[in-house]
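Asker: What follows is each chain in one-letter form.
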Amino acid sequence: MADFQSLDIRRLSASTEVPPNIRDATQVAKLIDVSRCIGCKACQAACMEWNDLRDDIGYFEGSYDNPSDLTPSSWTLMRFTEWENPQGNLEWLIRKDGCMHCADPGCLKACPSPGAIVQYQNGIVDFISENCIGCGYCIKGCPFNIPRLSQADQKVYKCTLCSDRVAVGQEPACAKACPTGAIVFGTKSDMTAWAGERIEDLKSRGFDQAGLYDPPGVGGTHVMYVLHHADTPSIYAGLPDNPHISRLVQAWKGMMKPIAMAGLAFTAVVGFVHWIAAGPNEVQPEDEAKGRDALDDKR
Amino acid sequence: MRQPPGTLARYTTAARINHWITAGCLILLALSGMALFHPSLFFLSSLFGGGAYTRAIHPWFGSVLLISFALLFIRFVRHNLWNRDDTRWMGAIRHVLANDEEHAPEVGRYNAGQKLVFWAMTLLILVLFASGLVIWDTYFFGYTTIEQKRIAQLLHSLAAVAIIGVWIVHVYAALWVRGSVQGMTRGVVSAGWSWRHHRKWLRESAQRR
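Top line first, the protein sequences correspond to chains A and B. Taking my numbering, the leading residue of the first sequence gets 29, the next gets one more, and so forth. Taking my numbering, the leading residue of the second sequence gets 152, the next gets one more, and so forth.
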């Protein structure tokens, strides 16, 4: 069933308008269970397929990661890590990387173009490419290093969480294609509950530190991970341990804007007040006479 | 051009053209930069053909400004070296602001306020250009880390706000001190203006005649 309410907008980049907020939309989430992932890359293929993306043929970089990084046309990527656990055994950690759809999105906060980045009521953060001006501010705002600037059209791209599919009651293409059920999609509360069962199971199998990755520093995310080692997310190919919007970006996009505008307005007002109080500094006839004398004296 | 009697040549034609190219660039930079700085000013991007054009052209204005200002710097730097009289002049700034310059030391080609504007512009333009290169993602994305770009972005916006402030001071001073603007439009100032505001420079100029 189509669910166009999920296209209602909660937040809009660079806008002073407040979108309507009285309806209580269901929060969606994608849960990626890293412990069930076999690294088959079906999700990558499905993403390319559904979004009509074909990346350039790359080069072998000495790892299973293929392509070697996210690009403007590779919106999701399996990142492989060979990790030696404290018992000295090898663990092959495979994490599907891509946009986390933060509840407090750094990209949206940084974006200067009205409506180029939106957050829907259901929690999906989407780039509206027609409005993208290609400044790359979202890249600086993102705590997860996800958006990629295209050299083809100077626009930035990332995972949409298949907002187009979700709007018509479908799950994202990656979740649809996953053969092991490592990627599941539903309401955020259902996904959190399902993660709880999975974590219990992992703990019963000796993964004491198993847990859910739903980092509070960005207000939680709409893409969550079940990690067997949730105490050290960074071992999963650099997943941030405690992601938050950079303080530099917060200063630039927060306090600085009103303070700068007020400061400049104040400077101009001081000038005006000085004009009113002291008036123009005009050359007087006696200045002119003395000036001419000074010129003539030395002639 | 024949110089009218009772006037002094202050800026050559080349210096004036140089100044106005720089000025034009600075205004275009401020307008396009502010469009990207605050959502309430995004409408300014319409002046440049929309957001993407604004983003694309802003760094080119900056590149022209850098070259143009460098020439201006070479022209004027020797007149802007700080000396003891400048410190004394700053001490008497209260009188200057009250249009009473008789209580301040005699001024040469530039007063201390003008010198401060000169050096502030120089410093801020260097900061703006260097930080601007770091965030010119179209060409230089791969040369710096994202954290470096964040620092550059914050520095760029801080320096931009500061330079707009300096620009307001510069323009206000030119309008407040009557007879100044024609020095930069027609290249000449009156003997009276020189006597009132730059007496030492007037005497030096008279001797050189």
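Hints are supplied without guarantee of correctness; some may be wrong.
Listed next, with one range per pair, are the computed distances between beta-carbon atoms [said to hold, decoys possible]:
1) B:G201 with A:G247: 29 to 37 Å
2) A:G245 with B:R226: 45 to 53 Å
3) B:F194 with A:A221: 42 to 50 Å
4) A:D324 with B:R167: 22 to 30 Å
5) B:R167 with A:N49: 54 to 62 Å
6) A:D36 with B:S191: 19 to 27 Å
These aren't lab readings, by the way, just hints derived from the structure by calculation. This one's a predicted model, so the numbers in the text were calculated from it and none came from an experiment. By construction, the Cβ of each residue, glycine as well, lies at the ideal position given by its N, Cα and C atoms.
Asker: Does the Cβ pair F194 of chain B, A221 of chain A satisfy 42 to 50 Å?
Answerer: holds (47 Å)
Asker: At the C-beta level, are G245 of chain A and R226 of chain B separated by a distance inside 45 to 53 Å?
Answerer: holds (52 Å)
Asker: Is 22 to 30 Å right for how far apart the beta carbons of D324 of chain A and R167 of chain B are?
Answerer: With a Cβ separation near 27 Å, D324 of chain A and R167 of chain B satisfy 22 to 30 Å, so the hint holds.
Asker: Are D36 of chain A and S191 of chain B spaced within 19 to 27 Å by their CB atoms?
Answerer: holds (24 Å)
Asker: Between R167 of chain B and N49 of chain A, does the C-beta distance stay in 54 to 62 Å?
Answerer: holds (56 Å)
Asker: Does the Cβ-Cβ separation between G201 of chain B and G247 of chain A fall within 29 to 37 Å?
Answerer: holds (32 Å)
In this structure, none of the earlier numbered hints is contradicted; all agree with it.
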